[in-house]
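Just so it is clear: in the sequence shown, position 89 is 345 by the numbering used here, and no numbers are missing.
To be clear, the hints were calculated from the coordinates, so they are not data collected in a lab.
Keep in mind that a hint or two might mislead.
[Said to hold, decoys possible] Listed below are the simulated BS3-like cross-link pairs for lysine-lysine, each with C-alpha atoms no more than 25 Å apart in a straight line:
{"no.": "1", "residue 1": "Lys-436", "residue 2": "Lys-380"}
{"no.": "2", "residue 1": "Lys-281", "residue 2": "Lys-357"}
{"no.": "3", "residue 1": "Lys-324", "residue 2": "Lys-381"}
{"no.": "4", "residue 1": "Lys-380", "residue 2": "Lys-324"}
{"no.": "5", "residue 1": "Lys-377", "residue 2": "Lys-436"}
{"no.": "6", "residue 1": "Lys-281", "residue 2": "Lys-350"}
{"no.": "7", "residue 1": "Lys-381", "residue 2": "Lys-436"}
{"no.": "8", "residue 1": "Lys-377", "residue 2": "Lys-324"}
{"no.": "9", "residue 1": "Lys-436", "residue 2": "Lys-357"}
{"no.": "10", "residue 1": "Lys-427", "residue 2": "Lys-350"}
{"no.": "11", "residue 1": "Lys-357", "residue 2": "Lys-427"}
{"no.": "12", "residue 1": "Lys-324", "residue 2": "Lys-436"}
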Amino acid sequence: MYRLLVATVAFSEDQSLELLGFAKKEVQDLLSQHDLPFVVFYTGLFAEFLPHFLGYHYDEGYMTVVGKGETAFSITSRTDVGRFVAHVLSTAPKSALEGAKLAFEAERLSPLQIRDLAETKLNKKIELRYVDLGENKKNFNTDFMAFLTTIFEEGRGVAGTEQEVADTAAKFVPDWNPAKYESFIG
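Produce the entire structure from the sequences given, and follow the hints as far as they go.
As structure tokens, then:
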């Protein structure tokens, strides 16, 4: 019987999750050491989690933004992650998956772009409450929200390069049509 371990993680390989007590690379190395086949899916942040994890308070009319808010990050809904992973695992040959690192996303948006979407969809102004990046970094190792918002503002919150994302979808799920983040604002 063939077994393949599947790991779904949010961001590209250069992101270690020291905050959570382990590094993704260490886990992958351990799997390789024991000759356990695996595939890693890089997905970005779940669309459903943005308001809670990033401080986006649409109902109250404000968003918390670390730094300038101009840097885009990867966003994918949980349902779309499930659909993508299930499709790949049920259709791709084993040889294409062993040790593969597959980056995909629904879209890549910055906090400023998200604010614009929210204002349009909700037909109201959304205030931006800025947090200094340097101050935010002070809590990087102890606060999950500070961890996420720091790596996003530094440009490290993407599933992979735009080319890697496009290549993964073209190869494994050519009719990939995920939900846009705007559909989660409301």
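Results of checking the hints against the structure:
no.: 1; hint: Lys-436 / Lys-380; result: holds (20 Å)
no.: 2; hint: Lys-281 / Lys-357; result: holds (12 Å)
no.: 3; hint: Lys-324 / Lys-381; result: holds (18 Å)
no.: 4; hint: Lys-380 / Lys-324; result: holds (21 Å)
no.: 5; hint: Lys-377 / Lys-436; result: holds (13 Å)
no.: 6; hint: Lys-281 / Lys-350; result: holds (22 Å)
no.: 7; hint: Lys-381 / Lys-436; result: holds (21 Å)
no.: 8; hint: Lys-377 / Lys-324; result: holds (23 Å)
no.: 9; hint: Lys-436 / Lys-357; result: holds (23 Å)
no.: 10; hint: Lys-427 / Lys-350; result: holds (14 Å)
no.: 11; hint: Lys-357 / Lys-427; result: holds (13 Å)
no.: 12; hint: Lys-324 / Lys-436; result: holds (23 Å)
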